[in-house]
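Whenever a hint applies, use it, and build me the whole structure from the sequences.
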Amino acid sequence: MAMKGRTIRRHFRESFKSLGRNGWMTFASVSAVTVTLLLVGVFAVIMMNLNKVATDLENDVEIRVYIDLIADAEEAKMAEDQLVDEIHSLPEVAEVIYSSKEQELDKLIKDFGEELSLYEQNNPLHNVLYVKAVDPHETANVAKAIDKFDNTYEVKYGEGKVEKLFNFIKISRNVGLVLILGLLFTAMFLISNTIRITIVARRDEIEIMKLVGATNSFVRIPFVLEGMWLGILGSIIPMVAVSVAYYNIYQILLPRLKGQMLQILPNTPLLYQVNGLIITIGILIGVWGSFMSVRKFLKV
Amino acid sequence: MIQMNNVIKKYPNGVVATNGITIDIRQGEFVYVVGPSGAGKSTFIKLMYREEKATSGDVIVNGINLTTLKQSRIPKMRRQLGIVFQDFKLLPRLTVYENVAFAMEVIEEQPKKIRQRVLEVLELVGLKHKVRMLPSELSGGEQQRVAIARSIVNMPKVVIADEPTGNLDPETSWEIMNIFEEINARGTTIVMATHNREIVNTIRRRVIAIEGGMIARDEYGGDYGYEG
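From first to last, the protein sequence lines stand for chains A and B.
If you want this note's numbering, it's the position in the first sequence, counting the first as 1, plus 615.
If you want this note's numbering, it's the position in the second sequence, counting the first as 1, plus 27.
Note that these hints are calculated values from the structure, not bench results.
Even for Gly, the Cβ is constructed at its ideal location relative to N, Cα and C.
Be aware that one or more of the hints could be misleading.
Label pairs and their calculated CB-CB ranges [unchecked claim]:
#, chain 1, residue 1, chain 2, residue 2, range
1, A, K619, B, P39, 38 to 44 Å
2, A, W639, B, N194, 54 to 60 Å
3, B, N89, A, F906, 29 to 35 Å
4, A, A643, B, R224, 46 to 52 Å
5, A, R910, B, S83, 24 to 30 Å
6, B, L161, A, W639, 53 to 59 Å
7, A, K911, B, R100, 34 to 40 Å
8, B, E208, A, A816, 37 to 43 Å
Here you go:
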């Protein structure tokens, strides 16, 4: 049954009027939405940044492949090329970077001081390949596979430490997920309860509508639209607050984190994502809360 | 118009409100439903607009069998009825005009038609000069007249009234009865549950008396028949 244009306009008009008529209840519902969405927003920003740090840590994991020392320069070159090709042929490998023993020594001198430049005469180091896996969690397996190739002197990836790090990150992510779900559930409960109170106060209205022959959807749509407005109104303060706060925190932290391993997410696209999340959740719980609450009173 | 065939209504708590009622009300009739409190009058009335569903037996209104009617078809069915309640059941935040117009908005009538028809019925009940007032600014009798206007605005074939004068003083009750008579004179069937002996004994019409969930008496031009 198609709804007529003026009926749709009527539903919108009614939903707006109703916000005004139920002034205090509107205020109460919007406040409940505001508080919960503020929590959701702050939490989302924190979780997304923690996730970014975790991902950075994961991506930092690499395999060092020390190449066998081979006296003959030509032979050594051939052996290295072959090894690089073999490593590249592994599907889990994302990148292979070659570092000669001279480059390795330079790094050591930079880190530990000029005394080490003595070794420039007789460099005891190996040429090294730095290998990253497409999926950092595959690092151990990739390392094992590389170890089987010829001309590898030693393959290291921080065995033990890496597993611990991954385990820690996995637990943190799961804990974060549970917290977010818990928060969303609480938000839905809180908001649908507030909306239910406003609707219980108007059950007579619903009963009369039904008795003069209103269909369920005719009764329900204005309430559901009203729930949507409550959700939208309730998301305004959280969106503004989270955006302003994060913008300022980012400005303060940015110079201090320069050159550090630890980085936080830039304003864009993070704030668009979080604001989108806030308003979407606001609308969803507003609509869902109204829908569920009206349903109870439609059986007249 | 309204037929009931051996209708039994048993509530979940075990109370049997109607115990085999069979009745036939024809188009254009004016019927009083009388009987002591708790005898099943209200249930009998509620069965007609499907607020209650019969446990067994058929209730046929306007050719529709309410016992087998699907839940989703109830709104359409109610649009062919006018219902008037003892407590008026007006929407407190809507004006007199809006309360009456509401019954037409619900069936998605054209705005022009709504305007015309609402003013027409408000004139019929004598409230055309109070269209902008809220129910709380009206007397009980005036509120009931608004409710009656709402019940007939969609030109139903039947108006069902559950003790429409129950909350009103005698003088106002007579005014309300005049309106019902006027509506009936235009061909609308009226079924009215009432406790008002004076009205039943003065405006003589068909009287259906219900006692213990059964029809105790069904008499054209009958009297109220119960002691005060």
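Going down the list of hints, with the structure as the test:
1. Checked against the hint of 38 to 44 Å, the pair K619(A) and P39(B) passes, with Cβ atoms roughly 39 Å apart.
2. Checked against the hint of 54 to 60 Å, the pair W639(A) and N194(B) fails, with Cβ atoms roughly 30 Å apart.
3. Against the hinted window of 29 to 35 Å, the Cβ-Cβ separation of N89(B) and F906(A) comes to about 32 Å, which satisfies the hint.
4. Between A643(A) and R224(B), the C-beta spacing of about 50 Å keeps the proposed range 46 to 52 Å intact.
5. In this structure the supplied range 24 to 30 Å holds for R910(A) paired with S83(B), their Cβ-Cβ distance being about 29 Å.
6. At about 19 Å, the CB distance of L161(B) to W639(A) disagrees with the hint of 53 to 59 Å.
7. Between K911(A) and R100(B) the C-beta distance comes to about 21 Å, which lies outside the given range of 34 to 40 Å.
8. A hinted range of 37 to 43 Å for the beta carbons of E208(B) and A816(A) is consistent with their spacing of about 38 Å.
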